[in-house]
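J.: First to last, the protein sequences are chains A and B. Numbering (this note's numbering) for the first sequence: 1 to 131. Numbering (this note's numbering) for the second sequence: 1 to 217.
It is worth saying that the hints were derived from the structure and are not from the lab. Just so it is clear, the structure is predicted and the values come from calculations on it, not from any experiment. Incorrect hints may appear among the rest.
Covered, in the sense of this in silico footprint (three residues per stretch, anywhere, with C-beta under 8 Å from a C-beta of chain B), are these stretches of chain A [to be verified]:
(1) 2 to 8
(2) 13 to 26
(3) 40 to 46
(4) 75 to 83
(5) 112 to 123
Interface residues of chain B toward chain A, partial, derived using beta-carbon atoms under 8 Å [to be verified]:
(6) R20
(7) L23
(8) A24
(9) D29
(10) A37
(11) E41
(12) V106
(13) E108
Idealized CB from N, CA, C, for every residue including glycine.
Read off the chains here:
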Amino acid sequence: MDPERLIEKELARLNAHLPRAQISLAEALRSERPGVETRDGTFHSFGRDELSLLSRLLEEGMWGELRLPIIIWMSRGMGSGAAVIRGKPEVRVISALLGRPAEGSELVIYRPEVAVIRSRLPTTTQYAFTR
Amino acid sequence: MATASELSPTRTELIRLRRREALAKTGHDLLEEKMDALVMELFSVLRRMQELRASAFDQLERAHRALSSCFAAMGTQETVQAARETVKSVELEVSTRNLMGIVLPVIERPSAVRNALGRGYSMHGTSALLDRAALEFEKALELLVPLAVAEAEAFAIAEELESTKRRVNALEYILIPRLREAIKFIMMRLDEIERENFSRLKRIKKIMEEREWTRSA
Numbered sequence: 001m002d003p004e005r006l007i008e009k010e011l012a013r014l015n016a017h018l019p020r021a022q023i024s025l026a027e028a029l030r031s032e033r034p035g036v037e038t039r040d041g042t043f044h045s046f047g048r049d050e051l052s053l054l055s056r057l058l059e060e061g062m063w064g065e066l067r068l069p070i071i072i073w074m075s076r077g078m079g080s081g082a083a084v085i086r087g088k089p090e091v092r093v094i095s096a097l098l099g100r101p102a103e104g105s106e107l108v109i110y111r112p113e114v115a116v117i118r119s120r121l122p123t124t125t126q127y128a129f130t131r
Numbered sequence: 001m002a003t004a005s006e007l008s009p010t011r012t013e014l015i016r017l018r019r020r021e022a023l024a025k026t027g028h029d030l031l032e033e034k035m036d037a038l039v040m041e042l043f044s045v046l047r048r049m050q051e052l053r054a055s056a057f058d059q060l061e062r063a064h065r066a067l068s069s070c071f072a073a074m075g076t077q078e079t080v081q082a083a084r085e086t087v088k089s090v091e092l093e094v095s096t097r098n099l100m101g102i103v104l105p106v107i108e109r110p111s112a113v114r115n116a117l118g119r120g121y122s123m124h125g126t127s128a129l130l131d132r133a134a135l136e137f138e139k140a141l142e143l144l145v146p147l148a149v150a151e152a153e154a155f156a157i158a159e160e161l162e163s164t165k166r167r168v169n170a171l172e173y174i175l176i177p178r179l180r181e182a183i184k185f186i187m188m189r190l191d192e193i194e195r196e197n198f199s200r201l202k203r204i205k206k207i208m209e210e211r212e213w214t215r216s217a
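Model the full structure from these sequences, guided by the hints.
T.: Written as structure tokens, this is what we have:
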């Protein structure tokens, strides 16, 4: 196969684990089997412990606005190891988890913080890789 | 990938190769990013595995001690008989999660601890020590299930890490250097063609000037 096509295929596969559509925290808490379908057709379930942790970190009024899974945007453009969290409720939750003041609707985090987030929220967060 | 002799030294080919190199570089960077994330995940799972293994072994030790006491008090035959009567199934809620394309099992905190009546053996003629031993083993099972999940996760992540590393290396040490070599070759050939054209033009100009000079003389 042409190397060019192989690379393109590989790049397409890189984000195949992302959800077809995100669901809100409120929906996930109501669901009997909380989770989302991914682009590659598999089911990605959310841990109930994590959902309850998220509901404690965010005011009830914002449960409908927090989209799950929270996407951790890994971008080489920002330098190796840097990642971005986008969305106001998402930034609020992650800031609370990291013990930081929440500001704006975009939060830049670094590898040690990504490790903390992933160890606390392994199913309710997902990596996304962008150029 | 074409060898140097098969490459056509044209500007179009140069543009095509440069585009390919940029794509390969992007692919390499993104795969490297994925590899770093996988390493981070692997270390996190290994740490969790270590903790779970330590607590599971502690619990199994407690359970075996309780079982030894039970053997001593009730007798081996009776204990084995009670074990045969025990209900040996535990209900687990199994689901999946997707970690960067790896489908991993998810088992919600299993509840293996049952009351004495739910275990299935007769209450008549069995000791409280048997209940204690059964309880300790049930607690151990609650730790062994997440340990098994963590081990499965570690193996799957390590496998994916290996294949990602292979791809990164193929791009870094084979494809990108070959593309760079091809680009260098075409650039050198184009420069050479340009130099040849320049000297050819100079030569033509000189001949024309000489002809002009003889004609005027």
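J.: Taking each numbered hint in turn, which are not upheld by the structure, reported in ascending numerical order?
T.: none
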